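Quick note, the sequences are listed as chains H and B, same order.
With our numbering as the guide, the letters of the first sequence map in order to residues 1 to 144.
With our numbering as the guide, the letters of the second sequence map in order to residues 1001 to 1136.
These aren't lab readings, by the way, just hints derived from the structure by calculation.
Just so you know, these numbers come straight off a predicted model, no measurement behind them.
Take the hints with a grain of salt, since some may be wrong.
Straight-line Cα separation of at most 25 Å, SDA-like style, residue types lysine to any residue; simulated pairs [stated by the list, open to error]:
| id | chain 1 | residue 1 | chain 2 | residue 2 |
| --- | --- | --- | --- | --- |
| 1 | H | 90 | B | 1041 |
| 2 | B | 1097 | H | 8 |
| 3 | H | 90 | B | 1093 |
| 4 | H | 90 | B | 1099 |
| 5 | B | 1097 | H | 88 |
| 6 | B | 1097 | H | 15 |
| 7 | H | 90 | B | 1070 |
| 8 | B | 1097 | H | 89 |
| 9 | B | 1115 | H | 8 |
| 10 | H | 90 | B | 1094 |
| 11 | B | 1097 | H | 84 |
| 12 | H | 90 | B | 1068 |
| 13 | B | 1097 | H | 7 |
| 14 | H | 90 | B | 1097 |
| 15 | H | 90 | B | 1111 |
| 16 | B | 1127 | H | 19 |
| 17 | H | 90 | B | 1066 |
| 18 | H | 90 | B | 1109 |
| 19 | B | 1097 | B | 1133 |
| 20 | B | 1115 | H | 15 |
| 21 | B | 1115 | H | 96 |
| 22 | H | 90 | B | 1077 |
| 23 | H | 90 | B | 1127 |
In silico contact screen, one side only, chain H against chain B (beta carbon under 8 Å); selected entries [to be verified]:
| id | residue |
| --- | --- |
| 24 | 17 |
| 25 | 18 |
| 26 | 21 |
| 27 | 24 |
| 28 | 79 |
| 29 | 86 |
Even glycine gets a Cβ: it sits at the ideal position worked out from N, Cα and C.
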Amino acid sequence: MNELLPALQQSELAQAMRQARWLYPAVNTAHIFGIALLFGSLVTLHLRTLGLLRGPDAASLERLVTPVAATGLLLAVASGAAIFTTDAVKYAGSSLFLTKMVLLAAGLANVVWLKRKRAARPAALVSLMVWTAAIICGRLIGYT
Amino acid sequence: MHCRCPATTQMREMHMIDRRTLIAGIAAGMAVTPALAHHGWRWTADGNFELTGVITAARLGMPHGILDVEANGETWTVEAGQPWRHERAGLDEALLKPGTEITVSGGRSADEADKRVKAERITIAGKLYDLYPDRS
Chain H
1 MNELLPALQQ
11 SELAQAMRQA
21 RWLYPAVNTA
31 HIFGIALLFG
41 SLVTLHLRTL
51 GLLRGPDAAS
61 LERLVTPVAA
71 TGLLLAVASG
81 AAIFTTDAVK
91 YAGSSLFLTK
101 MVLLAAGLAN
111 VVWLKRKRAA
121 RPAALVSLMV
131 WTAAIICGRL
141 IGYT
Chain B
1001 MHCRCPATTQ
1011 MREMHMIDRR
1021 TLIAGIAAGM
1031 AVTPALAHHG
1041 WRWTADGNFE
1051 LTGVITAARL
1061 GMPHGILDVE
1071 ANGETWTVEA
1081 GQPWRHERAG
1091 LDEALLKPGT
1101 EITVSGGRSA
1111 DEADKRVKAE
1121 RITIAGKLYD
1131 LYPDRS
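Excised from the complex, chain H in its bound form (with noise of 0.2 Å):
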């Protein structure tokens, strides 16, 4: 670690977004599109199977919103590995980064728990809670 995270931030694609202009507010911005396409995903299909939602029933809901949180997946991980990068060694040492790499962690694991759909409405519960609470220290790093 103590060779890997200074060697990150010195490769070609930290410099990159460290100097140029509009490559890190793009990716920046890709990072929000990313979560916004996850977090709307659970968070429609959750209130649904939470029974705060009505229409079609979770299942159905279910098969139409993975492809959409999966990309908004891929998508704020690759942005957000790429952010990563231009302090890599600040991140790693930020306890709200750590917080949230465990958050995320947590999120995803959790998706086990959704998928054998037994409690499905505590484990909405938490998938919603993990989430939002990965978002706001995600937020916070950007404030420290």
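Fit chain B to the given chain H structure using the hints.
Below, chain B alone, put in the same frame as chain H:
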């Protein structure tokens, strides 16, 4: 859940309350965030602040440069501009290296304990570089 009984109306009302709570919760979460912000100018105190010292460390590039400046035995964090902003001001980033004496003029953190300045103008070797020419 889908019973056709008088309780349905009551359940619908409960849903409404839950929904309102949810929206209020999200709104409250959003309201907290700007108060913690240090991007932009919201976190700075009114009036101009000037700091002269020596750069001890520099992290340049997007989203903006960060300089450690030692002045009167204290280490200050100076939020500098982006590479394009420095270039527009005619400031060669090679000057922003450890050992350079620098005068920073701008807004300091409204929090007295936070030794942080957002640079609006930078002076190096008697030459003034205006990072925000449309802001005076």
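Hint by hint, here is what the structure shows:
no.	hint	result
1	90(H) to 1041(B)	holds, 23 Å
2	1097(B) to 8(H)	holds, 22 Å
3	90(H) to 1093(B)	holds, 21 Å
4	90(H) to 1099(B)	holds, 23 Å
5	1097(B) to 88(H)	holds, 21 Å
6	1097(B) to 15(H)	holds, 17 Å
7	90(H) to 1070(B)	holds, 21 Å
8	1097(B) to 89(H)	holds, 19 Å
9	1115(B) to 8(H)	violated, 29 Å
10	90(H) to 1094(B)	holds, 22 Å
11	1097(B) to 84(H)	holds, 24 Å
12	90(H) to 1068(B)	holds, 15 Å
13	1097(B) to 7(H)	holds, 21 Å
14	90(H) to 1097(B)	holds, 19 Å
15	90(H) to 1111(B)	holds, 23 Å
16	1127(B) to 19(H)	holds, 24 Å
17	90(H) to 1066(B)	holds, 12 Å
18	90(H) to 1109(B)	holds, 21 Å
19	1097(B) to 1133(B)	holds, 23 Å
20	1115(B) to 15(H)	violated, 28 Å
21	1115(B) to 96(H)	holds, 21 Å
22	90(H) to 1077(B)	holds, 15 Å
23	90(H) to 1127(B)	violated, 32 Å
24	17	holds, 6 Å
25	18	holds, 3 Å
26	21	holds, 5 Å
27	24	holds, 4 Å
28	79	violated, 14 Å
29	86	holds, 7 Å
Consistency with the previously given hints fails for numbers 9, 20, 23, 28, ordered from lowest to highest.
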